[in-house]
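*Asks:* If you want the building blocks of each chain, they are given just below.
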Amino acid sequence: EAQVTQNPRYLITVTGKKLTVTCSQNMNHEYMSWYRQDPGLGLRQIYYSMNVEVTDKGDVPEGYKVSRKEKRNFPLILESPSPNQTSLYFCASSPRTGEDKILVYEQYFGPGTRLTVT
Amino acid sequence: GQNIDQPTEMTATEGAIVQINCTYQTSGFNGLFWYQQHAGEAPTFLSYNVLDGLEEKGRFSSFLSRSKGYSYLLLKELQMKDSASYLCAVASGGSYIPTFGRGTSLIVHP
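These protein sequences, in sequence, are chains A and B.
With positions in the first sequence counted from 1, the corresponding number in this note's numbering is that position plus 490.
With positions in the second sequence counted from 1, the corresponding number in this note's numbering is that position plus 49.
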């Protein structure tokens, strides 16, 4: 089954304790992205990756790191989590289409990770 | 960047038709997307418009006017399961990566 998986689905942690949220897709998509979703603010992009070893900042990258060492995986790292990073996080992937394969088309989202930092 | 505006919340009756509007201010338009998101779940893709006009897909249709910076999602024969948030996303300004609006929460009542 074509899917995007995230782990863990739920996490409660304390300020300053490093954590990693994993994301994996089995559709051979070049593009992957991380979003956070907060009430009243919608989906905001944290980081994205157009292909292996290529990552870029989104709209809200502060306090986060990512890596893309292989096509299927795109982990999100919080080196020193703070309470303002309490949120619902989504990973997404998409094929790149169109001329020169620059268009990010339909995005497939993972089930979400609900993170609470106390 | 782009400024994307959608109503925060709408209500409608089962069996009726509802239109959810999305306006945007941007340059270099590269496409507009609609996603559906049920509470506590991941967004799922509904439609993509890059040319002016109406795209119909079953009970859902999406319309785009590039000159007016305007799109709408039309839902016909509403069902209770259509209660969800509807997210408008726009790719523009030299980027082919869409930015999401804050979403419209649709409540369908009997």
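Hints may contain errors.
Straight-line Cα separation of at most 35 Å, DSBU-like style, residue types lysine-lysine; simulated pairs [as the list claims (entries may be wrong)]:
1. A:K561 with B:K117
2. A:K547 with A:K507
3. B:K117 with A:K547
Partial list, derived from the structure: chain B residues whose beta carbon lies under 7 Å from chain A [what the hints assert, rightly or not]:
4. P92
5. F94
6. Y121
7. G142
8. G143
9. I146
10. F149
11. R151
For the record, the hints were derived by calculation from the structure and aren't laboratory data.
Note that CB positions come from ideal geometry on N, CA and C, so glycine has one too.
*Asks:* Against this structure, judge whether each hint is valid.
*Replies:* These are the hints, each one checked on the structure:
Proximity of K561 of chain A to K117 of chain B is assessed by CA-CA distance (about 39 Å); at most 35 Å being required, the pair is judged violated. Simply put, K547 of chain A and K507 of chain A have alpha-carbon atoms about 23 Å apart, close enough for the 35 Å limit, and the pair holds. With a CA separation close to 30 Å, the supplied pair K117 of chain B and K547 of chain A stays within the 35 Å bound. The beta carbon of P92 of chain B is positioned within 7 Å of a beta carbon in chain A (closest approach about 5 Å), and the interface hint is therefore held.
For F94 of chain B, the interface hint holds, since its Cβ comes within 7 Å of a Cβ in chain A; the closest pair sits about 4 Å apart. Below 7 Å, beta-carbon pairs count as interface contacts, and Y121 of chain B has none with chain A, the closest being about 18 Å; its hint is therefore violated. Restraint check, G142 of chain B versus chain A: the minimum CB separation of about 13 Å is more than 7 Å; hint violated. A distance limit of 7 Å between C-beta atoms decides the matter here; for G143 of chain B the minimum to chain A is near 10 Å, and the interface restraint is violated.
For I146 of chain B, the suggested interface contact is upheld, since its CB lies about 5 Å from the closest CB of chain A, less than 7 Å. Nearest Cβ of chain A to the Cβ of F149 of chain B: about 4 Å, under the 7 Å cut. The hint holds. Restraint check, R151 of chain B versus chain A: the minimum CB separation of about 4 Å is within 7 Å; hint holds.
In this structure, the hints that do not hold are numbers 1, 6, 7, 8, in rising order.
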